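**Student:** Position chain W against the provided structure of chain E, taking the given hints into account.
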Amino acid sequence: MIASADLDALRAAAGEDAVAVHDPLEQGGAKLAVTLAPDGAAGVGGALRTLGARGLAALVRGGGTKLHLGNAPRRADVFLSTRRLGGVLQLDADDGVVEVRAGTPLHHLRAAARDAGWDVGLEAAHADATVGGVLASGERGLRAMRFGRPRDAVLGLEVVLGTGEVTRCGGRVVKNVTGYDLAKLYVGSLGTLGVVTSAWLRLRPLPRLVRVLVGPAPAEEAAAVAAARALAGLASARAVALVDAGVLAPRRADTAATGGAPARPAAEAGAGASPGLVLLAELAGDEALVDAECARAEALAGVVPGDPELLARAHARQAAPPDAAHLRFRVHFRPSRAAAAVTLLRRAGAEVIAQPHAAEASARFALGRGDEPAVAAVLRAVRESVHAGEGHAVLEAAPAWVKAGRDVFGAGPADAGALALARAVKARFDPHGVLAPGRFAGGL
Amino acid sequence: MASPDRTPGAGPAAGAPGSLVSALRAIVGEAHVLVRPEQLLAYECDGLTHHTGPPSAVVLPAEKGEVARVVRACNAHAVPFVPRGAGTGLSGGALALGGGVVIECSRMNKILELDPDDGVAVIQPGVVNADLSKAAAPHGLFYAPDPSSQQACTIGGNVAENSGGPHTLKYGTTTNHVLALELVTADGELVRLGSRTGFAPGYDLVGAVVGSEGTLGVVVEATVRLVPLPEAVETLLAIFPDVVSACRAVGDVIRSGLVPAALEIVDQRTVRAIEDSVYAAGLPRDAGAVLIVELDGARVAVSAEVERVRALAVGAGAARVEVARDAAERQRFWRARKGAFGAMGRLAPDLYVHDAVVPRTKLPEVLARVCEIGDRHGLRLSNVFHAGDGNLHPNISFDRRDPDELRRVLAAGEEILRACVEAGGVISGEHGIGTEKQDFMGLVFGEDDLAAMRRLRDAFDPALRCNPGKIFPTTRFCVESDPKARGYDRVPLGGAPRP
Chain E
1 MIASADLDAL RAAAGEDAVA VHDPLEQGGA KLAVTLAPDG AAGVGGALRT LGARGLAALV
61 RGGGTKLHLG NAPRRADVFL STRRLGGVLQ LDADDGVVEV RAGTPLHHLR AAARDAGWDV
121 GLEAAHADAT VGGVLASGER GLRAMRFGRP RDAVLGLEVV LGTGEVTRCG GRVVKNVTGY
181 DLAKLYVGSL GTLGVVTSAW LRLRPLPRLV RVLVGPAPAE EAAAVAAARA LAGLASARAV
241 ALVDAGVLAP RRADTAATGG APARPAAEAG AGASPGLVLL AELAGDEALV DAECARAEAL
301 AGVVPGDPEL LARAHARQAA PPDAAHLRFR VHFRPSRAAA AVTLLRRAGA EVIAQPHAAE
361 ASARFALGRG DEPAVAAVLR AVRESVHAGE GHAVLEAAPA WVKAGRDVFG AGPADAGALA
421 LARAVKARFD PHGVLAPGRF AGGL
Chain W
1 MASPDRTPGA GPAAGAPGSL VSALRAIVGE AHVLVRPEQL LAYECDGLTH HTGPPSAVVL
61 PAEKGEVARV VRACNAHAVP FVPRGAGTGL SGGALALGGG VVIECSRMNK ILELDPDDGV
121 AVIQPGVVNA DLSKAAAPHG LFYAPDPSSQ QACTIGGNVA ENSGGPHTLK YGTTTNHVLA
181 LELVTADGEL VRLGSRTGFA PGYDLVGAVV GSEGTLGVVV EATVRLVPLP EAVETLLAIF
241 PDVVSACRAV GDVIRSGLVP AALEIVDQRT VRAIEDSVYA AGLPRDAGAV LIVELDGARV
301 AVSAEVERVR ALAVGAGAAR VEVARDAAER QRFWRARKGA FGAMGRLAPD LYVHDAVVPR
361 TKLPEVLARV CEIGDRHGLR LSNVFHAGDG NLHPNISFDR RDPDELRRVL AAGEEILRAC
421 VEAGGVISGE HGIGTEKQDF MGLVFGEDDL AAMRRLRDAF DPALRCNPGK IFPTTRFCVE
481 SDPKARGYDR VPLGGAPRP
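From first to last, the protein sequence lines are chains E and W. Heads up, the first sequence is in this note's numbering, so the first residue is 1 and it goes up one at a time. Heads up, the second sequence is in this note's numbering, so the first residue is 1 and it goes up one at a time.
Excised from the complex, chain W in its bound form:
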């Protein structure tokens, strides 16, 4: 399918130099180096389908030593490289801009060690998120971060993006669960960071690498914390007349000192889309908003908390509160949340899953603005979100082949980010910056703040070979629009274009 190339800096794939391709084949074997255009097509985008740019080659190493050699080969040819997991990312972070080499980690998918006594697992980066929890379950443990794509996404990708999920309110995001990493540095050296004990001498480089979007090296091994499965889980579904009262319930729950495992809101537009689809969960079509609350922990505590939440929801205006009686009903409740993407996705060929965060107290006013922005641009926009974290996910169904609609989608996206920042928020809660939002970094950070981030980048990758062209604003942007409007009027560090 022809698509408009919206990726900053992306040009036609240059094609990897023949000598590099030979070197890569010698390292991983001929079958694990992809160079034909039809093979590369699958790698021209990630989950953010309107940013595209094909790599010059894709290499699939089998183990960390191969990754190190691949990186050294790329360095010898001055070709950039881009680590990639399952390609489920939503911010364009796995694109090889300008024809770099993609290092795909899917063959490195072994759980190397699962130690229930220490409560840790040592894994290769290509292990699928859900598979780790499955492997840990017989020991009464699980891996807590659970992004919506957990059936497909890999933990290497989760580390790059510091992925969250619906249960981060209680359990934290990926960064709270990674104890140690093995990294192939930009020089192609294998380096161990952190320790499975949770303390290592020196700066917290594990903390710096988690969420760095694959720009500081290639994660080739991770030691992660596993946590005990809760004794009891209860799921409530509350129907509200409008989203404002649902948000009020969320605020009341947080203010009360309860820490549910999840606090999720589905808005009216999404409810209708779900009930019109195969994902129908039996929600009332006139529901103004649906709140899903999951509580877990010790049984004696959870049963008391269910009653507290029920009372708070009713007090905030819930018309009806149901408690799942069994696992089947819990799944039905969650279908109302998790089916949202599928239901919205069937409305048009493309779905733009936006991501921003606001203070939880600002949710009602920001949601109203988000809907107004979508309406004004004539878009099919709905909201499902991690209300307990203030993490909004406005979803826009659209057709990228329609240039006018795509333009309106991007214009609305920018206005939404501005609205969130004005409310005290930030432009990404869990999807990352990638190529999607790099030109909006100036909404949140000043030039000195970005320069500090560049210092870290420079310490790890002074030649800018590792996933270049991500996170940092492009200069292209300054030329094309009013720089002062976005705080780009200051001269970039060093005066030269930097990724």
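Pulled out of the complex, with its shape left as it was, chain E reads as follows:
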């Protein structure tokens, strides 16, 4: 509970209109009834200093689409919202760089970039997702093979540390080794080291032509993965995925309709589809290249132009929020073990969206709830399998009671040394434990 003296102090530090008291919202097992929404980095700093002095903790909130990620924080008293930290500050169309405030919805930034002839190398499954949220979560979508990791789009950041200090790192230029590359630490840290308040990003050329291709995958998983890897070898490939057919079905109340089991409707992607897996690819680039490679893709893997919305649908599904019927995981594995990983997941009855190629070897999968020991056994088998190849499986979406008491990040024994260093980093960037303590890997 927040005392009224705390609220007064927060109003004094962050601004009178930055403090909103509302009905309690359940988040990670805690009930939060206060949202702080400062309108500048200085206000964020004031809020964090005040929280730290009073032994309180904040959960940073952008669009609110990723609050379920990570462990249940040990302590969370207030939301710290970037709602009032929005807007594209500077877009240099000649240089291909942009400065944007963290609370800007990614689709707003994308639209602004598009108007200037550029694309943004970040992806979000949800329309409400903000730039700050994508950076803080390190969200990777189906174009990761081309876009890389979110950190790769970042040139510089303004970050308010857990101590309340407003700091900058990096810059606005596209190449920079001036001092430590602190942006790497903040991106993907789930807001547990600092609050990103604005960012300089590198923009990407807007492709002249984009084609989404779809087709049934070979029934045997190894052959399906081989086909996906062949497609990923095309110069214009921007996304290649093996997707459970149910994922691509038009949106409907599939979980209710199937009584909690993952939905598995027949592929809409064409006659003769194998039961289950569909190949999905996006080619992007100059017209001549994309046209030539569309033909090549059909010859390689039997994929043909399809509904451009399929990619977005798959992405939305892979990053779906918690629901009553599913546990959702993300798994990273060696490219050479992709077939084994996909086979294992399919045999376990998981709904799979896999990127089984060298540039991004990962999958999202969902398991139907109901038989918890069976789910635990599947997870154990998956982790045993991928840990041997330096892989990891992360539990992303689950009810709070499932997450309680466990580290959802799936660290293996090889990660112990890194987590010890990570603990030292957390202790220095957020010494008072103001920023969602416990939410991050290793209970940080």
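Please keep in mind that the hints were generated in silico from the structure rather than gathered at the bench. Treat the hints with care, as some may be off.
Claimed, not checked - Quick list of in silico lysine to any residue cross-link-like pairs, SDA-like style, CA-CA up to 25 Å: (1) K170/W / G233/E; (2) K362/W / R202/E; (3) K170/W / A112/E; (4) K64/W / P413/E; (5) K362/W / V88/E; (6) K64/W / A411/E; (7) K170/W / R146/E; (8) K31/E / H126/E; (9) K170/W / A116/E; (10) K134/W / G233/E; (11) K170/W / L91/E.
Said to hold, decoys possible - So the derived list for chain E, only partly shown, Cβ under 7 Å to chain W, looks like this: (12) E165; (13) T167; (14) K184.
Computed from a predicted structure; not experimentally measured. Using N, Cα and C, we set each Cβ at its ideal position, and we do this for glycine too.
**Tutor:** Then chain W, alone, in the frame of chain E:
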């Protein structure tokens, strides 16, 4: 050769304590510990020859376990240690200030694993950059970061400096290609960071260590990404009447959405120096600037892109555009770029290769200022640069034995950095800060920004044993000049001098 000691904090080598030398010999063998002054001479500087400071000892471990034991031995004697690759660095980062122990990684030069299916290589830090691409080529793969020193520099050094090269515009720098590291921490513990899958739970410590200039530990193993060799490569050479029009062409190419593998400019002064040297590439001596554009990728795409670039270059004022017809001609084009350092180097005993970055749109105005600064100080200054990245490399030929010329070189260097920062840029794009630019960090960052970097340093190396005296501003500087002019007027974190 006697040289003025310009290194902040460097004193005469103290000589390693005898008990430490014995301990080091017991770890790596007597032959792999260097302590005699004539042996240490080679380690008194790196590629930045006017910063010097001899180590007290150099140790050459054969494997990572030895590195860990060497670090623990240094800790037991409270002696700092400095990781070193091939010593080709250009910012003084490999100097052992005040007589630390240099840990030279050249014996750790094995490619431990090359996995074409995963597209990764696992290497020891002393592997020479070019050797990895050579080993990967039979599998149709290569290691993309290619600093100009790639025939000599090691990947361990590249990781420390986050090295770039002419092809970073398309392929990125070292940080984009390192998936996992094994680090000997400041405590002498072996720690694995990251994962070859590209995801590991926890903070992105690989990203933090790459580019940390050897201050967060000793990298003893790296897992790096290999990428497919392009199907086609085309190289264009365009002659411009002046550097402004060459820069305009670069801007037009970037604005068009093309992403060439390289976009390099050689200015008129460099063209003349090259054509007067053994590196002569047949360039017209009156060329105002030469632009080299390399395009790579799928053949169908590249051939169309060549025509787009040609049209953009002509539109920006190119007098002539040539496309290399074969590998020999491509090499001739690149000689015009890569011969620049040799050609400038023959003009005087020393060559100062400067490094700064500006927004690409500011290149013409900043270049004009850079040349004006060099002229005003009476220096032989020329420019070759990674135009596509906005990464300037003003080269100054000089003689460090001439104290007045050295003073003018340093004064011009500082003015150049100020000009770049004023244009929205930064003070290093790929050479690092080291001892060279530590006192200019305040041009780019405020005290809170630097304090955040110190927090990272403190998390990894609270006793400041690992390559101390680099990156962070020295307090010496504050005493000797007007602190307000450089933003050093604020009190450093903790009030005490920190590296």
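**Student:** Evaluate each hint against the coordinates.
**Tutor:** Against the structure, the hints:
1. Distance restraint check for K170/W and G233/E: the Cα-Cα separation of roughly 17 Å lies within the 25 Å cut-off, and the hinted pair is therefore satisfied.
2. For the proposed pair K362/W and R202/E, the alpha carbon gap of about 17 Å is at most 25 Å, so the pair holds.
3. Simply put, K170/W and A112/E have alpha-carbon atoms about 24 Å apart, close enough for the 25 Å limit, and the pair holds.
4. Between K64/W and P413/E the alpha-carbon distance is near 20 Å, which keeps this suggested pair within the 25 Å criterion.
5. Annotation: proposed proximity of K362/W to V88/E holds, straight-line Cα distance about 21 Å (limit 25 Å).
6. At roughly 24 Å between alpha-carbon atoms, K64/W and A411/E fall within 25 Å of each other, so this suggested pair holds.
7. About 12 Å separates the Cα atoms of K170/W and R146/E, which keeps this hinted pair within 25 Å; it holds.
8. With a C-alpha separation of about 24 Å, the suggested pairing of K31/E with H126/E holds against the 25 Å cut-off.
9. About 21 Å separates the Cα atoms of K170/W and A116/E, which keeps this hinted pair within 25 Å; it holds.
10. For a cut-off of 25 Å, the pair hint linking K134/W to G233/E stands: about 21 Å separates their Cα positions.
11. Pair hint K170/W plus L91/E holds up; C-alpha atoms about 21 Å apart against a cutoff of 25 Å.
12. For E165/E, the interface hint holds, since its Cβ comes within 7 Å of a Cβ in chain W; the closest pair sits about 5 Å apart.
13. Interface restraint check: T167/E against chain W, minimum CB-CB distance 4 Å, threshold 7 Å, status holds.
14. Given hint, K184/E at the interface with chain W, holds; its Cβ is 3 Å from that chain's nearest Cβ, closer than 7 Å.
In this structure, every one of the numbered hints holds.
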